[in-house]
Structure formats: C-alpha cells, structure tokens
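*Asks:* Here is how the chains run, residue by residue.
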Amino acid sequence: MKGRAIVYKKDHINTDEIIPARYLNTDRQEELALHAMEDLDLNFKEKTKWGSILVAGENFGCGSSREHAVWALRGAGIKAIVCESFARIFYRNCINNGFLAIECKNASKYINDGDIIELNLKEGELKIKTTEQVLRFQPLPKFALEIIESGGLMSYISKGGKF
Amino acid sequence: MGQTIVEKILAYHSELDTVVPGQIVNAKIDLIMCHDVTTTPAIDILEKYGIKKVFDPDKIVIMPDHFIPNKDIKSAEMVKRIRTWAKEQGISKFYEIGRHGICHALLPEEGYVKPGITIICGDSHTTTHGAFGAFATGIGSTDLAAALATGELWFKVPETILIEVTGKLPECVYAKDIVLKIISILGVDGATYKAIEFTGNIIEEMSMEGRMTICNMAIEAGGKTGIIKADNKTKEYLDKKGVRGGYTIFESDEDANYCSVIKIDVSDMEPVVAFPHLPSNVKGVSEIRDDIAIDQAFIGSCTNGRIEDLRVAANILKGRKVAKGVRMIVIPATTEVWKQADREGLLYTFMEAGAAVSTPTCGPCLGGHMGVLASGERCISSTNRNFVGRMGSPESEVFLASPATVAASAIEGKITDPRKYL
Chain A
218 MKGRAIVYKK DHINTDEIIP ARYLNTDRQE ELALHAMEDL DLNFKEKTKW
268 GSILVAGENF GCGSSREHAV WALRGAGIKA IVCESFARIF YRNCINNGFL
318 AIECKNASKY INDGDIIELN LKEGELKIKT TEQVLRFQPL PKFALEIIES
368 GGLMSYISKG GKF
Chain B
8 MGQTIVEKIL AYHSELDTVV PGQIVNAKID LIMCHDVTTT PAIDILEKYG
58 IKKVFDPDKI VIMPDHFIPN KDIKSAEMVK RIRTWAKEQG ISKFYEIGRH
108 GICHALLPEE GYVKPGITII CGDSHTTTHG AFGAFATGIG STDLAAALAT
158 GELWFKVPET ILIEVTGKLP ECVYAKDIVL KIISILGVDG ATYKAIEFTG
208 NIIEEMSMEG RMTICNMAIE AGGKTGIIKA DNKTKEYLDK KGVRGGYTIF
258 ESDEDANYCS VIKIDVSDME PVVAFPHLPS NVKGVSEIRD DIAIDQAFIG
308 SCTNGRIEDL RVAANILKGR KVAKGVRMIV IPATTEVWKQ ADREGLLYTF
358 MEAGAAVSTP TCGPCLGGHM GVLASGERCI SSTNRNFVGR MGSPESEVFL
408 ASPATVAASA IEGKITDPRK YL
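Chains as they are written, first to last, in our numbering: chain A, 218 to 380; chain B, 8 to 429.
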C-alpha cells in the first residue's frame, strides 16, 4: 500500500477530536466524514484530497468507544493510520472494520506532511519514498491480518473464522 | 503460576483451565448493555449480514442515555429504531424515559451486575462494573454486533497492573480525587491493553459507589478493564437488589503475576483537579495559585452522578448561593437517584442555591446537549474527560474534580478548595 502522509506530530489525539460527540446522532459514514478531525484541524478535509495515510504520535484514538471515529476517517478518504501507539478500543475497532492501523515507532518523528510512504505489511517495513528512509514495524498478528483480509470481523465470522 | 481475577474470569468464560496474557480467547458474554449512540450502527451491521435473531434476548439490556430525552430529530429516530428493533427481537429490558438513567449507573442499580460475569457495552466507561468483581469492557459497534449475534467475543488476555491504595483517608478526599491521582501516576496511556486491579484498605473501606467511580475511570489510563474483588460490601449491595447468590466470586491468587505493582498511600493527599486537556494533568488544590474563574459547574455523569455525590455537593451548597455569573447544572444519574435526592431534599437545596436540576442524561459530559460550552468558557465538572472540545467548543476548557470541589467552586465562581466548607 502506498499513499501520501497527513502528519500530526502530536500524542493522545482522542476520539472527541476525531469525531466530536455532537455529530454522533448519525452513523452515516459520509455525514461523519464531513466533520472528521474538525476540532483539531479545520483543513483536514482539504488535506485528504491529496493524502491518504494518517500519521500521528502515541495513544491515537484514546477516549470513547465510538466506532464513528474509524468511519469518519475512512469516509474522509484515509486508507491507513500509522502511529507510535494506539488506544485499545480504537485499535480493535480498526481491525474489526478491516481498516489498517500500524504501530510504528518514530513514525511521527521521521515522516513529514506530504511524504509518500509505502507499507509492506508482511515484512513490517515502511518506506518513506521522499527520503528513502525505512522504518520497521511489528507485522500485524496472524488473526488480525486474517480479519482485515476478510474485510472485517463480521465477514470473518460469517466465513467461519475461528479464534 | 497463580492467576489474576481477570485471567480467571476470561479462562472460565472460554472453557479453559488457565490463560496467559497475550493469548487470544473467545469468551462467552453474560450481559450486553446497549445505549443509543453505538447500538444503531450495530443493528445496521446485523442487517447487512442477514442476522435476524440475537443470540439471547434475555442477556441484553437497553438503556438509551446519551441524547435522552432526545435532543433532536436524528436522536429521536435513532432511539425509535432501537425501540422497534428491541420489540422485534423480544428484548424486554428496555429502559424508557421515566425509568431511565445513565447506563453505567442504572445497570448496577437494577441488579444486573454480578461478580465473575462478563459484561460488554459500546461505551468506554463500561469498566465501571469491575467494581463488582466482573470483567467489564467497552467495545465498538462491530464488536457489539458480533456479540449480539453469537454471544461471544474475542479478547487478548490483558496483563494486570495491581494498584494498592492504603493509608488513612483525609477529609474531603473522595474516590474521584484518588482515581485522578492514579491516572496522573499511570498517564493516559499507562494501562493501555492492560487490566487494573485495585486493592488496599482504602478500596476495601470505600462504598460500592466510590468503587464504581474508581473503576469508571480505569479507561482514562487506557485500561481494558478496572476490577475490584467482590467482598461483603458487594454482597450486601446485591442483597439489597434482591440478587442472592447465583454468581461466582473470583480472587487473584497470592502468586498471581502482575506486570507492575503500584502502592499509593493517600494519608497526605488533598483534593485534586485535572486541568485541561487531559485527565492526567492533575494538580493538588493547594498548588493552584492563580484564581481560575469558571462559567459553569456541572455535577452528574456515570462517574459522579450517584446519590452519594449529590449528598456531598448538597452538604456544601446548603444555605449558600452559586456565585453570580456562574451556571450550575446538577443531573442525577438515574431516575431512582433523582427520586432519592428529592426525598432527602437535595434537589431543593440545589435549586435554592441557584442550580438547575435536570432529568437523567449523559448530555453535558460529552458536549451533547443541556450544558454545552461556548468558546472561551470554562467548566469545572464531576465528569471523566476534559479533552479538547469534550463539552462543546474546542476553545472551551474543562477541569475535572470531585462533586465537593465542583460545589465549592460554584459558590466562589472560581476553582476552590472544598475543605474550607467542611
């Protein structure tokens, strides 16, 4: 997977920032996408026109269990998220949606806004095309990859997937 | 090697003798709680996959609470859909307006929470129910849909952090102060992917309400769950709810493996306040040198909207007035709490002091409705989060504190040490 990075060099970006609670009276991805990240960056929607991989610091997605956070980002055109670390429920929601969340140390230090990055999921390699730097990450556990490849938890279960 | 409570509960529910941290298990779910915000998407998911029937309607409890009473047409449509779905599914435990309340306060109040069971809800503060020695955790809507369909869910067995709270509790220091202190020590991601087990004489001496406040905020340190061993106090609480037996009490073995042990002596603690914009950004009240003027004071939420909290606040406000220019809002967490507060004259005390009292709702805590902040405004609140924009405008600020500190601050119009009102 390859994409242009939208980078927030910030830790603890929480679900209230990703999709504020005032918009939780809908679960339609396209409606949520209109408000993705708006309390953090009003230009986010502009950026997603040219970028597709979100990069941030530690503990991304902390706070509420709202899966709306994943849907808002996906709806806004984000294809994958690369962070130093993730909050647990958000990470789980990503896997369950078949949405790529990669934990990669130093990601927000070395990757800059607009960098083209390429992810090799099986090898656990992240290449920053702009600088030719390579960062390593722990490949996703087998069961998580299987869920993601199935298209999410419900597809996985409906295809007879076991734990 | 011994096992922790959480390991034992997960092993039991996965039909395994033992489990180890990191292991992926498929655990049976005893109780699924549904509220308004995360349930409609789960119903959509079930429909998308052609799942017509939930696994067991008797194990599902529905408690709309976030935008209750419905704040707009979209919220009304959302709850209407859940109500209709519940009827189709034969789910009889639906808490309609008039019997309603914030789910994390209502669930134990109605006697559903029992030691040793597994509880999930599409809400991060589900950790509250660990106060009863249950494994309770928040999940998203896809997990909710999967559990509604199959009665099971995958979990990575968490490592456990043991937090031992000991000493002699100083006056005016409450469960909320203690848990904020714990979060300041752990950090907002200090317990990510981990369970937190609370122990020590202070926890043992604490009421069930206080224990719920402690476990409620385990998620603010990133915890998968917070848990306290069930004891006589737990049994007495359950007895009062008519729950006699029919549950298993799990205890951690003496040689259980904890990933870390943190000891906190609270004897010298003072009331604390979490500053914007993280719950871990905690300061003791005496460390606050500058006057921090407030526009709003809020008491309510799943963290501190229970009867004990209202008693503490009313005690401080009795015969006093909320400062001019300050809006005070009090929201009892459940209908029963509201009625009890009425019987005890607490609601009258609040209103005499100049506060507004509302019917139960999560509303203001998450900037939903009934107390949303404008730009540049500041609120001191008994709730659980003070992230940017949590209670409204991203240019507003939320300070977290105990109901006592909130009440004292409302009187003075600035963040105030509650000890002067003892």
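I should point out that these hints are in silico values taken from the structure, not numbers from a laboratory.
Do not rely on the hints blindly, as some may be mistaken.
Think about it this way: if two alpha-carbon atoms lie no more than 20 Å apart in a straight line, the pair counts; the simulated EDC-like pairs of lysine to aspartate or glutamate are [stated by the list, open to error]: (1) A/Lys322 / A/Glu342; (2) B/Lys66 / B/Glu103; (3) A/Lys346 / A/Glu363; (4) A/Lys227 / B/Glu22; (5) B/Lys78 / A/Glu320; (6) B/Lys66 / B/Glu216; (7) B/Lys100 / B/Asp37; (8) B/Lys325 / B/Glu359; (9) A/Lys376 / B/Glu54; (10) B/Lys188 / B/Glu178; (11) A/Lys262 / A/Glu320; (12) B/Lys81 / A/Glu248; (13) B/Lys421 / B/Glu277; (14) B/Lys55 / A/Asp332; (15) B/Lys55 / A/Glu366; (16) B/Lys346 / B/Glu359; (17) B/Lys163 / A/Glu342; (18) B/Lys240 / B/Glu117; (19) A/Lys379 / B/Glu22; (20) B/Lys163 / B/Asp37; (21) A/Lys376 / B/Asp37; (22) B/Lys236 / B/Asp246; (23) B/Lys81 / A/Asp258; (24) B/Lys290 / B/Asp262; (25) B/Lys242 / B/Asp65; (26) B/Lys163 / A/Glu363; (27) B/Lys188 / B/Glu277; (28) A/Lys376 / B/Glu216; (29) A/Lys379 / B/Glu103.
*Asks:* Hints first: check each against the structure and report whether it holds.
*Replies:* So, going through the hints one by one against the coordinates:
1. Distance check on the hinted pair: A/Lys322 and A/Glu342 sit about 12 Å apart at the alpha-carbon level, within 20 Å; holds.
2. For the hint pairing B/Lys66 with B/Glu103, the CA-to-CA distance comes to about 18 Å; that is within 20 Å, so the pair holds.
3. Between A/Lys346 and A/Glu363 the alpha-carbon distance is near 28 Å, which puts this suggested pair outside the 20 Å criterion.
4. For the proposed pair A/Lys227 and B/Glu22, the alpha carbon gap of about 42 Å is over 20 Å, so the pair is violated.
5. Taking the CA atoms of B/Lys78 and A/Glu320, the gap is about 38 Å. The hint is violated against a cut of 20 Å.
6. Between B/Lys66 and B/Glu216 the CA atoms are separated by roughly 24 Å; this puts the pair beyond 20 Å, and the hint is violated.
7. For the suggested pair B/Lys100 and B/Asp37, the alpha carbons sit about 15 Å apart, so the restraint of at most 20 Å is met.
8. Proposed proximity of B/Lys325 and B/Glu359 is supported: the alpha carbons are some 8 Å apart, at most 20 Å.
9. With a C-alpha separation of about 16 Å, the suggested pairing of A/Lys376 with B/Glu54 holds against the 20 Å cut-off.
10. Between B/Lys188 and B/Glu178 the alpha-carbon distance is near 16 Å, which keeps this suggested pair within the 20 Å criterion.
11. Proximity of A/Lys262 to A/Glu320 is assessed by CA-CA distance (about 24 Å); at most 20 Å being required, the pair is judged violated.
12. This hinted pair checks out: B/Lys81 and A/Glu248 have alpha carbons roughly 12 Å apart, not beyond 20 Å.
13. For the proposed pair B/Lys421 and B/Glu277, the alpha carbon gap of about 18 Å is at most 20 Å, so the pair holds.
14. For a cut-off of 20 Å, the pair hint linking B/Lys55 to A/Asp332 is broken: about 37 Å separates their Cα positions.
15. Between B/Lys55 and A/Glu366 the alpha-carbon distance is near 18 Å, which keeps this suggested pair within the 20 Å criterion.
16. For the suggested pair B/Lys346 and B/Glu359, the alpha carbons sit about 18 Å apart, so the restraint of at most 20 Å is met.
17. Taking the CA atoms of B/Lys163 and A/Glu342, the gap is near 25 Å; set against the 20 Å cutoff, the hint is violated.
18. The hinted pair formed by B/Lys240 and B/Glu117 meets the criterion: a straight-line CA distance of about 17 Å does not exceed 20 Å.
19. Distance restraint check for A/Lys379 and B/Glu22: the Cα-Cα separation of roughly 15 Å lies within the 20 Å cut-off, and the hinted pair is therefore satisfied.
20. Distance check on the hinted pair: B/Lys163 and B/Asp37 sit about 18 Å apart at the alpha-carbon level, within 20 Å; holds.
21. The straight-line distance between the Cα atoms of A/Lys376 and B/Asp37 is roughly 25 Å, outside the 20 Å bound, and the hint therefore fails.
22. For the hint linking B/Lys236 to B/Asp246, the alpha-carbon distance of about 17 Å falls within 20 Å, and the restraint holds.
23. Taken as a hint, the B/Lys81 and A/Asp258 pair is broken in the structure, with Cα atoms around 26 Å apart against an allowance of 20 Å.
24. Among the hinted pairs, B/Lys290 with B/Asp262 is inconsistent with the structure: their alpha-carbon atoms are about 36 Å apart, more than 20 Å.
25. As the CA atoms of B/Lys242 and B/Asp65 are separated by approximately 23 Å, the hinted pair breaks the 20 Å bound.
26. At most 20 Å may separate the alpha-carbon atoms for a hinted pair to count; B/Lys163 and A/Glu363 meet this at roughly 16 Å.
27. The straight-line distance between the Cα atoms of B/Lys188 and B/Glu277 is roughly 10 Å, inside the 20 Å bound, and the hint therefore holds.
28. As the CA atoms of A/Lys376 and B/Glu216 are separated by approximately 44 Å, the hinted pair breaks the 20 Å bound.
29. For the proposed pair A/Lys379 and B/Glu103, the alpha carbon gap of about 37 Å is over 20 Å, so the pair is violated.
Violated hints, listed in ascending order, are 3, 4, 5, 6, 11, 14, 17, 21, 23, 24, 25, 28 and 29; each of the other numbered hints is respected by the structure.
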